[in-house]
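If you read the protein sequences in the order shown, they are chains A and B. 1 is the number of the first residue of the first sequence in this note's numbering; add one for each residue after it. 1 is the number of the first residue of the second sequence in this note's numbering; add one for each residue after it.
If you are wondering where the hints come from, they were derived from the structure by calculation, not from laboratory data. Since we're looking at a predicted model, the values are computed, not measured. The reader is advised that the hints may include incorrect statements.
To be verified - Listed below are the simulated SDA-like cross-link pairs for lysine to any residue, each with C-alpha atoms no more than 20 Å apart in a straight line:
no., chain 1, residue 1, chain 2, residue 2
1, B, Lys236, A, Ile370
2, B, Lys118, B, Arg181
3, B, Lys287, A, Gly365
4, B, Lys236, A, Ala322
5, B, Lys236, A, Met302
6, B, Lys10, B, Glu42
7, B, Lys236, A, Arg377
8, B, Lys10, B, Glu54
9, B, Lys236, A, Gly378
10, B, Lys115, B, Gly151
11, B, Lys150, B, Gly127
12, B, Lys236, A, Gly373
13, B, Lys118, B, Lys10
14, B, Lys236, A, Glu369
15, B, Lys150, B, Glu191
16, B, Lys167, B, Ala30
17, B, Lys287, A, Arg368
18, B, Lys236, A, Arg382
19, B, Lys287, A, Glu326
20, B, Lys236, A, Glu326
21, B, Lys167, B, Arg130
22, B, Lys150, B, Ala117
23, A, Lys120, A, Arg169
24, B, Lys287, A, Glu369
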Amino acid sequence: MHEFRYEPVQLPASAEALRSEVRAFIAGEVSRGAFTPSQNSWSSFDPDFSRKCGERGYIGMRWPKQYGGHERSALERYVVTEEMLAGGAPVGAHWVADRQSGHQILRFGSDRAKQTILPKIAAGVCYFSIGMSEPDSGSDLAAVRTRAIQVEGGWKISGTKVWTSGAHRTHYLIALARTSAKEEDRHAGMTQFIVDLSHPGVSVRPIYNLYGGHDFNEVVFDDYFAADDMVLGGVGMGWKMVTGELAFERSGPDRFLSTFQLLLESIRAIGANPDARAANEIGRLVAHVATLRRMSTSVAGMLERGAQPIVEAALVKDVGTAFEREVPEIFRQLIPTEPTLGEGASYPELLGMTILRAPGFTIRGGTREILRGMIARGLGLR
Amino acid sequence: MSEMRNDLLKTVDRIFDERCPKAVRESAEAGEWPAALWQALEEVGLTRAALPEEAGGSGIEFEDAMFALRRSAYHAAPVPLAETMLAGRLLAAAGIAVPDGSLTVAPVHSGGPLKFAKTATGATVSGTARRVPWGNLCAHAMVAGEIDGKGVVGLIATAGTAESAEKNLAGEPRAFLRFERTPLLAFAPLEGALSRLETEGALYRSVQMAGALERTLEYALQYANERVQFGRPIAKFQAIQHMLAVLAGQVAAASAAADAAVETARLAPDEFAVSVAKSRIGEAAGKSAEIAHQVHGAMGYTREHNLHYSTRRLWSWRDEFGNETYWQTRLGRVIAARGADALWPMLTGS
Numbered sequence: 001m002h003e004f005r006y007e008p009v010q011l012p013a014s015a016e017a018l019r020s021e022v023r024a025f026i027a028g029e030v031s032r033g034a035f036t037p038s039q040n041s042w043s044s045f046d047p048d049f050s051r052k053c054g055e056r057g058y059i060g061m062r063w064p065k066q067y068g069g070h071e072r073s074a075l076e077r078y079v080v081t082e083e084m085l086a087g088g089a090p091v092g093a094h095w096v097a098d099r100q101s102g103h104q105i106l107r108f109g110s111d112r113a114k115q116t117i118l119p120k121i122a123a124g125v126c127y128f129s130i131g132m133s134e135p136d137s138g139s140d141l142a143a144v145r146t147r148a149i150q151v152e153g154g155w156k157i158s159g160t161k162v163w164t165s166g167a168h169r170t171h172y173l174i175a176l177a178r179t180s181a182k183e184e185d186r187h188a189g190m191t192q193f194i195v196d197l198s199h200p201g202v203s204v205r206p207i208y209n210l211y212g213g214h215d216f217n218e219v220v221f222d223d224y225f226a227a228d229d230m231v232l233g234g235v236g237m238g239w240k241m242v243t244g245e246l247a248f249e250r251s252g253p254d255r256f257l258s259t260f261q262l263l264l265e266s267i268r269a270i271g272a273n274p275d276a277r278a279a280n281e282i283g284r285l286v287a288h289v290a291t292l293r294r295m296s297t298s299v300a301g302m303l304e305r306g307a308q309p310i311v312e313a314a315l316v317k318d319v320g321t322a323f324e325r326e327v328p329e330i331f332r333q334l335i336p337t338e339p340t341l342g343e344g345a346s347y348p349e350l351l352g353m354t355i356l357r358a359p360g361f362t363i364r365g366g367t368r369e370i371l372r373g374m375i376a377r378g379l380g381l382r
Numbered sequence: 001m002s003e004m005r006n007d008l009l010k011t012v013d014r015i016f017d018e019r020c021p022k023a024v025r026e027s028a029e030a031g032e033w034p035a036a037l038w039q040a041l042e043e044v045g046l047t048r049a050a051l052p053e054e055a056g057g058s059g060i061e062f063e064d065a066m067f068a069l070r071r072s073a074y075h076a077a078p079v080p081l082a083e084t085m086l087a088g089r090l091l092a093a094a095g096i097a098v099p100d101g102s103l104t105v106a107p108v109h110s111g112g113p114l115k116f117a118k119t120a121t122g123a124t125v126s127g128t129a130r131r132v133p134w135g136n137l138c139a140h141a142m143v144a145g146e147i148d149g150k151g152v153v154g155l156i157a158t159a160g161t162a163e164s165a166e167k168n169l170a171g172e173p174r175a176f177l178r179f180e181r182t183p184l185l186a187f188a189p190l191e192g193a194l195s196r197l198e199t200e201g202a203l204y205r206s207v208q209m210a211g212a213l214e215r216t217l218e219y220a221l222q223y224a225n226e227r228v229q230f231g232r233p234i235a236k237f238q239a240i241q242h243m244l245a246v247l248a249g250q251v252a253a254a255s256a257a258a259d260a261a262v263e264t265a266r267l268a269p270d271e272f273a274v275s276v277a278k279s280r281i282g283e284a285a286g287k288s289a290e291i292a293h294q295v296h297g298a299m300g301y302t303r304e305h306n307l308h309y310s311t312r313r314l315w316s317w318r319d320e321f322g323n324e325t326y327w328q329t330r331l332g333r334v335i336a337a338r339g340a341d342a343l344w345p346m347l348t349g350s
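Just chain A, with the same shape it has in the complex (with noise of 0.2 Å):
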């Protein structure tokens, strides 16, 4: 019997109690300048922003309170993200150091690198990137060519990485690096290090997106010194790292809620006596949306139970950035106006630059046919 079964969850009094705190900081933000709501909220790039989150224990949640972390629950940091995420909160800098890296580096750090790292992930005043993906390598990860040579006292890496985004930014990425030559299991041999992006021997270039944007990099190793002690996990255990911190990241608000702003800026300008038709698609819009929060709250839920709930994840993703792309398709067709090229600060700037993002979507993460492919082997095809 394949049940899914996206059990309830029952939000902690405690999480409601966040929710109110985050939404209030987050309005008198907006009504004092700081920020205009975004849905690129998590690409959007805002120091101030985390440093104020930082103080307010809203970075590093689920962490030991010895790094700097709040030792709270799974389901009071997603009430968190959630709230930011619709709100349309500029979480970018720190994004990607407390979903992921943080959380790899308090599982598999050294002593040196959680007790140096982690209180500045939490204080939200230090960066990270992702530093898998190269040239010849995206979808077919275990294909990286990056190499990590073992010299006195630590690893000299020579490669390149691309799509880094936020390198010109960040303090640091994480690197999956070959460490010994490919053998028959092609997925042994692999080693994830910290780089620190201050130190020599790493260089940033900028690759510029499709609408002249600075997102993404492109990050030359050349000898980087990386010591022993900014080695992640073991030698050769970076291919089940990195699988474990993708699997982690899948099921989050930011897989349905890349477009939620052009979602309600749709509804307002549509106004409140809608004809059949954008009545008919704001209530399809909207009942995808609820559905989605269940199934992404409820894995919340399993995760927070320990459970691994890998399918299920992917699951959400993979129905989640297709809802987030069909958006502005839809609403393109309903409200007459052309897209426009601009930052979102109108209507028509919104819906062009949603248009211009939305490939990015059902790819970042892991494209959508690498995720049906996890899918499927999770249903027994493969």
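We have chain A already, so just place chain B on it with the hints.
Just chain B now, kept in the frame of chain A:
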């Protein structure tokens, strides 16, 4: 899964495995009442499972009753279990004693309302009701309407009221009933009786579709793993894998939407959750049936294979008690009227 749920699952599955073979489904489609199956359901208390205990219920939680309904649909059981549960719950809500046996509900189709009239000794109902599920086979029906602008529900004996019976795509009877001052055996006020009937009916069809979707996915997975072409099971082809992954996403979403609607319906259905469920699951029904048939090729197009028992139910139920457009439009109007800023609080419940 709770222990209660697990025991229920075993009981329900055993009954349907034993009492609902293909022959029973076929004879039911030919118009025969599946007496042995219905009796087995009555014996274990499933037909009264959605009733509160004080109204003669089986002491089963509402969520568990809905789980049993979902399994009955998984097994494509040709019985008016949803209708009996639905009629019973509305009668009980109005304080009317729920009779034994199978029950149905009217009206289920938009059209002229039924006219209720008070008489010296009680009340009568007049008018016609189209496509009443199992209306020619159930002994009693719960009828809903208004007296003096106030919601009312009543109980009638259906004998002699059925003029004809059409079938939905799954071969389930949908009868045309004519009432001419038909006496109400009991009647009582129930606030918003008609909209309660519609919303609760949509909830039950949503739950049934979730069950039929689970079976549809299972059939497709099983067939893809067994069917060998080009020297290997078709499940090994990436094109098929991706189709099945999409199917699984639709089924997962339907399952989640059904659960959410059931959880909020313990006392009465929640209109928002039911609008979401009927919209989302109705959409999943069409998409899923299409993929499952494509995966099955010609085999799934035969009467021999069992897939059609599930997909014909999906194609029927998605249009009963309001199709996607109906519920989406209704939901969309509510959202638009409350305004964009009310949406996120609505979604998060605070």
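Violations among the numbered hints, reported as their numbers in ascending order: Going through the list in order, the structure violates hints 3, 4, 5, 8, 13 and 20 and respects the others.
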